[in-house]
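K.L.:
Line order of the protein sequences matches chains A and B. By the count of my numbering, the first sequence reaches residue 31 at its end, each step adding exactly one. By the count of my numbering, the second sequence reaches residue 1490 at its end, each step adding exactly one.
DEER-style ranges, computed between Cβ atoms:
no.: 1; chain 1: A; residue 1: Trp-28; chain 2: B; residue 2: Ala-1429; range: 15 to 25 Å
no.: 2; chain 1: A; residue 1: Thr-8; chain 2: B; residue 2: Asp-1303; range: 26 to 36 Å
no.: 3; chain 1: B; residue 1: Thr-1481; chain 2: A; residue 2: Ile-23; range: 34 to 44 Å
Since the hints were made in silico from the structure, they are not lab data. Glycine included, every Cβ here is placed at the ideal spot set by N, Cα and C.
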Amino acid sequence: MWVNEMMTIWLYGTIGALLASAISLAIWYRN
Amino acid sequence: MTDARIMTWVGLVIFLALVAILGYIGSKKTSTIADFSIAGASLGPVVLGLAYAATFFSASTFIGYTGWAYEWGFSSLWIFLTLIAASPLGLIVIAKRARAMNITQKSLSLPDWLGDRYDSDFVRVGAALICLFNIFYIAAQFAAGAWIFNTLLGLPYDVGVVFIAVIVVAYVFGGGSYADIYTDAAQALLMVIMGLLVFFSVFWMFDGGLTSAMTQISETLGERDPNLVAVTNPDSIVFYSIPAIIGAFIIQFAFAAQPQLFNKVLALKDPKDMRRMILVYIVAALCFLLVIFGGLYAAVTVDVENLDKSLLSYVTVAFPPIVSAFLGLVIIAAAMSTTDGIFVVMSTIVANDIYLKFLVRRGYIKKSQAEAEQTALWLSRISVIVVGVIASLIVFNPPESIGMFIWIGISGVASGTLGPLLASLFFPAMATRMAASCSLVAGLVSYLAILVSGAIKSTMAAGSVGVVIGLAVMLAVGYATRHHLTKQEG
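Starting from the given sequences, assemble the full structure and let the hints guide the process.
P.N.:
Right, here's the structure in full:
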């Protein structure tokens, strides 16, 4: 756990969200 | 006069000069209603990505969301997560197909797009009327701007309302969406700098690195009240339970299809650039959102009686006066960059969606095509003034909660329009005119019923229920009437 439960959710959630956006853009928006 | 006040005045003058120049450039480029509404579908991905971000995030991000973090602690970070996860996803899902379909459809706004797609006046005019809800959104931003003028410059609140209304009306009146988008991109850069400054102030305001600083904050808040460090906080007006958090995710997803954002998707010149536009938006959004940490830092460093003042008080403590002045400008920029986009949409709705595409096309008003086009451009500009006056009047008595006000608009629009939009993009076989009309009415009515009855505490969650009901009705009626899909509709 990093700092507290919510900060841990925030850290992994943010990384996950950015990865998900990057992957969906890379796949779906391929020119 | 204090140093901060002098610097705010100087900064404001420079900022307004920049806005005036960009507005002037915009006005030189605006000669048709398509120029006014979607910048003639001629702009590049970086400018539009920044403009999209600046329009998406308003003064509420800097004042309201930091206030939530100050008052309700770590659970308020859910707003960060919903905005960085659900909103880009909504844009990714909607943008590509909507822009691609508009190559042949050539619509100028969300109601116009829906009206053209379903070939239905009821859908066009219904969606147009629903979008007028967003006058509350404009009003809330005027209130936020006036509040900043009052706090930082000592201007009386009502003078501040008139001041910000006149500035925005002036440049949108002249430059339409060109001015809207150029000024938004400049405003986004200011907002990025502010988000980063506030987030990284942790390094000189607290001992040790990020982990040790956040641990200190967490321990101090936890001793004050364990709810402040919990994942949900029962005292919070937004993140008090898991269903409320899910509701927030749903409504942020729907937010991406708000009409003032949708027209930026339509303004992109080359649909192949959509990926770059979305990437620019996500990076900018991430930087803006870091400002929410300022509310947590404020909770352990300053004591304010009004939540909305928490970030401003923190910045006064953590930075030299010039940064307080800069924050004031950023909040005004954030308010303006959201308001101008909604102005453009509202005037497009009146001039194009209702006047040109409904009243003239159906023969209720007899005019030649060229005459009608000219009248529409003027009508769009006059609408800007009318909307500005009405929005100012709404907030002449300051609203109790600015955040509440904006969600009345956003949730209302999303409840009525998301069903028809998503179905037309992803379930074309069920996207019938009847289903779109029913979804429009059912989504809106259910949202209003929840809002008026007060059955759900969070306005975001109330909006998400409206959105889900609108979607369900769209699919159910669409399935039942799928055999009635005419050749024209499909």
